[in-house]
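Using the sequences and the accompanying hints, generate a full structural model.
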Amino acid sequence: MEKILTKQSFPEWIEKLSAYKVYAPIKKEDHWDYEVVEKAVGLDPAYGNAVLSPKKIIFPQREVLFEFGSQTKEGFDLKENLPEDEAVVIFGVRPCDAKALTGTDKVFSGDFEDPYYRKRRDAATLVGLSCNTPPSKNCFCLSVDGSPFSKTGLDVLLTDLGETYFVETLSDKGEQLVNAASAFFSDSKKKEKKEVEKLQIDAEKKIVRQVKDVKSLPGKLKEIFDSSFWDDESLSCIRCGICTYLCPTCHCFDICDEVTCEYPLAGKRVRTWDNCQFPDFTMHSSGHNPRPDKASRLRQRIQHKYNYFVERYDEYQCTGCGRCIGKCPVGIDIIEVLNKVNEHGA
Amino acid sequence: MEHNDYIPKPAKLIGIKEEVTGGRAIKTFRAKFLNGHGFSHQCGQCAMLSVFGKGESMISISSSPLQKDYLQFSIMKTGRVTSALHSLVEGETIGIRGPYGNNFPIDDWQGKNLIFIGGGIGLAPIWSVLQTALGRKDDYGDLTLIYGSRTSADIVYKEDIQALRDKMTVHLSVDVEEPGWEEFVGFVPANVKDKALKPGNAIAVTCGPPIMIKFVIMALGELGFTDEQIYTTVENKMKCGIGKCGRCNIGPHYVCKDGPVYSWAELKKLPPEY
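Same order as they appear, the protein sequences are chains C and F. What the first sequence shows, in our numbering, is residues 479 to 824, in sequence order. What the second sequence shows, in our numbering, is residues 4 to 277, in sequence order.
For the record, the hints were derived by calculation from the structure and aren't laboratory data. Hints are not guaranteed to be accurate.
What the hints assert, rightly or not - Incomplete in silico selection of chain C near chain F, CB under 8 angstroms:
no.: 1; residue: Val542
no.: 2; residue: Phe544
no.: 3; residue: Phe586
no.: 4; residue: Arg769
As the list claims (entries may be wrong) - Mimicking BS3-like on lysine-lysine, the simulated pairs with C-alpha atoms at most 25 angstroms apart in a straight line are:
no.: 5; chain 1: C; residue 1: Lys557; chain 2: F; residue 2: Lys12
no.: 6; chain 1: F; residue 1: Lys12; chain 2: F; residue 2: Lys57
no.: 7; chain 1: C; residue 1: Lys746; chain 2: F; residue 2: Lys57
no.: 8; chain 1: F; residue 1: Lys57; chain 2: C; residue 2: Lys551
no.: 9; chain 1: C; residue 1: Lys506; chain 2: C; residue 2: Lys534
no.: 10; chain 1: C; residue 1: Lys698; chain 2: F; residue 2: Lys271
no.: 11; chain 1: C; residue 1: Lys676; chain 2: C; residue 2: Lys485
no.: 12; chain 1: F; residue 1: Lys12; chain 2: C; residue 2: Lys597
no.: 13; chain 1: F; residue 1: Lys272; chain 2: C; residue 2: Lys772
no.: 14; chain 1: C; residue 1: Lys668; chain 2: C; residue 2: Lys485
no.: 15; chain 1: F; residue 1: Lys12; chain 2: C; residue 2: Lys746
no.: 16; chain 1: F; residue 1: Lys35; chain 2: C; residue 2: Lys557
no.: 17; chain 1: F; residue 1: Lys272; chain 2: C; residue 2: Lys698
no.: 18; chain 1: C; residue 1: Lys805; chain 2: C; residue 2: Lys690
no.: 19; chain 1: F; residue 1: Lys240; chain 2: C; residue 2: Lys700
no.: 20; chain 1: F; residue 1: Lys30; chain 2: F; residue 2: Lys20
no.: 21; chain 1: C; residue 1: Lys534; chain 2: C; residue 2: Lys584
no.: 22; chain 1: F; residue 1: Lys71; chain 2: C; residue 2: Lys551
no.: 23; chain 1: C; residue 1: Lys534; chain 2: C; residue 2: Lys651
no.: 24; chain 1: C; residue 1: Lys597; chain 2: C; residue 2: Lys557
no.: 25; chain 1: C; residue 1: Lys584; chain 2: F; residue 2: Lys15
no.: 26; chain 1: F; residue 1: Lys15; chain 2: C; residue 2: Lys557
Claimed, not checked - Label pairs and their computed distance ranges (CB to CB):
no.: 27; chain 1: C; residue 1: Gly804; chain 2: F; residue 2: Gly26; range: 26 to 36 angstroms
no.: 28; chain 1: F; residue 1: Ala268; chain 2: C; residue 2: Lys805; range: 36 to 46 angstroms
no.: 29; chain 1: C; residue 1: Lys805; chain 2: F; residue 2: Lys161; range: 48 to 58 angstroms
no.: 30; chain 1: F; residue 1: Phe42; chain 2: C; residue 2: Glu507; range: 50 to 60 angstroms
no.: 31; chain 1: F; residue 1: Gly26; chain 2: C; residue 2: Glu821; range: 49 to 59 angstroms
no.: 32; chain 1: F; residue 1: Asp230; chain 2: C; residue 2: Lys805; range: 42 to 52 angstroms
no.: 33; chain 1: C; residue 1: Ser763; chain 2: F; residue 2: Glu181; range: 22 to 32 angstroms
no.: 34; chain 1: F; residue 1: Ala268; chain 2: C; residue 2: Val514; range: 46 to 56 angstroms
no.: 35; chain 1: F; residue 1: Val92; chain 2: C; residue 2: Asp758; range: 56 to 66 angstroms
Note that the Cβ used here is the ideal one computed from N, Cα and C, for glycine as well.
Printed below as a string of structure tokens:
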């Protein structure tokens, strides 16, 4: 359904959502970050995008899988630590970041369903915010099947019309959220729908960065696997890993044991985000490393996003959010790398 | 409770055998699930072993699926988890989850001659299929084992290999000359060529250090084996075992899920990242 919500009513809507844990992007010194909202607030009109996508809520950077204790007659004491049953609503989700979750959905489901991810994902309602203006000068969602008004992965999409939001519900979860406070919503008119369409056309024109000929990348990337291209492109990398830590689609993780007491044994098995740009990511205990240098690790990042993931899941593992470009301390720019891949050997 | 693949099930160590001592120590562990837990595996599959407080390691199951009483793992002491496993004694409990990965297509190999080519601890991943072939001897033709280690002190399953000689052809090797050694001296690929293995109606299964696998495959190719006749099993660092943690990939393949067993025809199409 399509509705209109005045900006004045927005905080009141949030207030009505007491059955949910509410997340929204909160302004910090020089960035926005998703945090739990304790009191009703509006969305910051200057909001661009959060430094970390809502992936951090669905797939947290650190989570305890289970707690373990010492050996017992039955084996060992073990306490599973699945997320609590708690409905969550996330406001201010940019379309690219919602689309990213449809990729991680595929990774964490399939023949081995990941119950930690699944529980959080099912419990979350995503309220998106169309990008009337690109949040970053490095946005390139149009190159990777995205759009500043994309609805993929969202439950509700809000579009800022100045004094009001145009509200589109996109799933049952989204309708529930609107129905929880239906008094604040009025019916939309044709005029407002037209306005949204115009905003979308204008917004798409404002996205200037572009990966050329994306469709040919998987094939091209296969061709240049062994090329010295990767040595040249990775020369300046300082393997800090920020490109993948900030990426809304990256899902690689580590599992480690944290011991709180040696005798009697007590500890936690913990999952944390990991990073393909780190040397020990793939290093065998023998010391052998299948991806031993910066070149093979940059190649892995690019090949995973634009070749392997496409082959496995039939979509790019990149939504064009531009975070990795904006935050790379040495200026490695995935758009430039990809465009060079396409031109390589031409 | 919903199914959770990350939760290991308790298994008791019912036997620990010291295979090799010293700097390259290898022990063979036999484990039996507790409290009615358990799983049935296929030849070539692996399992995640937990020592709580130390972590998890992916280890190939070296016992045959025909062996229902226990699971067997032969493990070289290398990193944190394998060192912790080596410090355990019989009667202690570990965690096991799995089984993971694909398997050797042994049913497709009925009537064929099977040649097993192992190096060092690389005998463990093919021991399961070797034992199964022996257990179903009528289903297969001639069975041959070619196995090499650095020195005679590094041979795993020493007594078992001696006992095999009545049932199949066995060719051993050590890397360098040593007093009293009467069999082949040199690397495994050289032994493969020396024995002039015949490719007719045969399947060769090999596992060992990556460099050995590479040269064994070349040697087999020189002897006339086709890429489809050669199988190997690959290892890469793993954390989840279920195709999500993202580190064991060879191109678009996850070794934990799509491997570890590959024919050379399949593996040669993938990037050499293993």
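When the least beta-carbon distance from C:Val542 to chain F is tested against 8 angstroms, hint result: violated, 11 angstroms
Distance restraint hint 42 to 52 angstroms, applied to the beta-carbon atoms of F:Asp230 and C:Lys805: holds, 45 angstroms
Distance restraint hint 49 to 59 angstroms, applied to the beta-carbon atoms of F:Gly26 and C:Glu821: Holds: the Cβ-Cβ distance is about 51 angstroms, inside 49 to 59 angstroms.
F:Lys15 paired with C:Lys557 [C-alpha distance capped at 25 angstroms]: holds, 19 angstroms
Hint check: 8 angstroms Cβ-Cβ cutoff, C:Arg769 to chain F: holds, 6 angstroms
Range agreement (Cβ of F:Lys161 with Cβ of C:Lys805, hint 48 to 58 angstroms): Given range 48 to 58 angstroms: holds, Cβ gap about 56 angstroms.
25 angstroms limit on alpha-carbon distance, applied to hinted pair F:Lys12 and C:Lys746: holds, 16 angstroms
F:Val92 paired with C:Asp758, Cβ distance criterion 56 to 66 angstroms: Distance hint for F:Val92, C:Asp758 is violated at roughly 31 angstroms.
Proposed proximity, F:Lys15 with C:Lys584 (alpha carbon, max 25 angstroms): Status violated; Cα separation ~36 angstroms.
Pair hint C:Lys506 and C:Lys534, alpha-carbon separation not exceeding 25 angstroms: Holds, because 17 angstroms separates the two Cα atoms, which is no more than 25 angstroms.
Given pair status - C:Lys651, C:Lys534, alpha carbons within 25 angstroms: holds, 20 angstroms
Straight-line alpha-carbon gap F:Lys35 to C:Lys557, limit 25 angstroms: This hinted pair holds, its Cα atoms lying about 22 angstroms apart.
Of the numbered hints listed earlier, those contradicted by the structure are 1, 25, 27, 35.
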